[in-house]
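Novice: Listed here are the chains, written in short residue letters.
2 protein chains.
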Amino acid sequence: MGRIITIGREFGSGGREIGRRIADELHIAYYDSEILEEIVKKTPYSQEYIEEITQGRPISLFPIHYANSWGPVVDPHLQQAIDVYQEQANILRELADKSDCVIIGRCADYILRDRNPFRIFVYSDMKTKLARCHSREKEGEVLTDKQMIKRIRKIDKRRRQYYEFYTGQKWGARENYDLMINTANSDIKKVASVVAKLFG
Amino acid sequence: MGRIITIGREFGSGGREIGRRIADELHIAYYDSEILEEIVKKTPYSQEYIEEITQGRPISLFPIHYANSWGPVVDPHLQQAIDVYQEQANILRELADKSDCVIIGRCADYILRDRNPFRIFVYSDMKTKLARCHSREKEGEVLTDKQMIKRIRKIDKRRRQYYEFYTGQKWGARENYDLMINTANSDIKKVASVVAKLFG
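Residue numbers (the working numbering), protein chains in the order written: chain A, 817 to 1016; chain B, 817 to 1016.
Quick caveat, the hints were computed from the structure, so don't treat them as lab data. Predicted model only: the values in this text are computed from it and were never measured. The reader is advised that the hints may include incorrect statements.
Since copy identity is lost for identical chains, a pair holds within one copy or between any two.
[To be verified] Cross-link-like lysine to aspartate or glutamate pairs, in silico, EDC-like; alpha carbons within 20 Å at most:
{"#": "1", "residue 1": "Lys858", "residue 2": "Asp913"}
{"#": "2", "residue 1": "Lys1013", "residue 2": "Asp840"}
{"#": "3", "residue 1": "Lys1005", "residue 2": "Glu868"}
{"#": "4", "residue 1": "Lys970", "residue 2": "Asp1003"}
{"#": "5", "residue 1": "Lys970", "residue 2": "Glu850"}
{"#": "6", "residue 1": "Lys970", "residue 2": "Glu991"}
{"#": "7", "residue 1": "Lys1013", "residue 2": "Asp1003"}
Please put together the full structure from these sequences, using the hints given.
Specialist: Put into structure tokens, the structure is as follows:
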């Protein structure tokens, strides 16, 4: 099996932790916010703006073929979003060529499909995600369960839209992944350590 | 983690082989057709008839609440199918109480849900399933790809209907499983051996 490992994940499911642990276990590179920093260097846009446009479908009224067509795209916001996506895709390809790695999110499973990545999707039930998110609240930030559930759903909705806009594939649908891990009844440390053995 | 392991699977995906290998690796019981033989002993029906009614939704025109209602069910075919399902559920509970085990199919994930089983779903792409099914054809049985695809789809359709009729849950939907394994790009032996380590 290849050692380009991509991780899609529901917000609060622990996907990032699993990715980090797999990378540590295998002594390979781990890319998450590092990619964002690279994009900031390579495009004229601010970090905040890039965060914004890489977290959701750019413009909800545009049909998907706009993003794939060769013709000129007139909407400047959409054009910027696509520019950033393209730049991100270039960076991901460069990183994947450089060394084995774990990449979190960013449609990496799709962008690197010709490199045959091992595509993991991590998910959980709401109870577990809620507990995880509450335990990670910053000091002074106290959300009710209801507020937190709303936030989790909103972030996942944007992830789904972003993924589906650029890939034309269904986010979290089993056919798009090699392994899908539910962290609801699992010991994340153990799961990560066991999954890493697939590549040992 | 518990060591009641249930395996749902697409036809031809290698789920049964993964289950068998996990059971071997862990030195625990493995139940598949053994369950069928038990039902034959405990009900007045023939093996062929039981095979028939445990491989699909019993009667397509009946709404699902019929199977769950306490009132008398008048259709004799439906009643027999439910009798067999209930007997099968009893047998599964007895087996799960007796020792750790791997159970293939038969809604075991749902029937044993109060025992907190580890629920695996195994799937693959059509190309891989096709190759696997062809390699297992009996002597003299030669299906074209088209015929084989039709057969695979038909069996999975019946599995889905059977599962959804009795459980009210969506077959193959990630929320109903703890781990979902795509065998399309995987070495089944290695995957089974690694997954078994989750329980070691």
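Novice: Does each hint fit the structure? Answer for all of them.
Specialist: So, going through the hints one by one against the coordinates:
1. In this assembly of identical chains, lysine 858 and aspartate 913 lie within 20 Å of each other by CA distance solely inside one copy; the values are 18 Å within and 61 Å between copies.
2. When the C-alpha separation of lysine 1013 and aspartate 840 is checked against a cutoff of 20 Å, the pair qualifies both within a copy, at 12 Å, and between copies, at 19 Å.
3. For a Cα distance limit of 20 Å, the shortest separation of lysine 1005 from glutamate 868 qualifies neither inside one copy, at 31 Å, nor across copies, at 43 Å.
4. For a Cα distance limit of 20 Å, the shortest separation of lysine 970 from aspartate 1003 qualifies neither inside one copy, at 26 Å, nor across copies, at 37 Å.
5. Taking the shortest alpha-carbon separations for lysine 970 and glutamate 850, neither the intra-copy value of 24 Å nor the inter-copy value of 47 Å comes in at or below 20 Å.
6. Taking identical chains as interchangeable, the C-alpha atoms of lysine 970 and glutamate 991 lie at most 20 Å apart only when they sit on different chains, with a minimum of 19 Å there against 24 Å within one chain.
7. Both within a single protomer and between protomers do lysine 1013 and aspartate 1003 lie at most 20 Å apart by alpha-carbon distance, with minima of 16 Å and 13 Å respectively.
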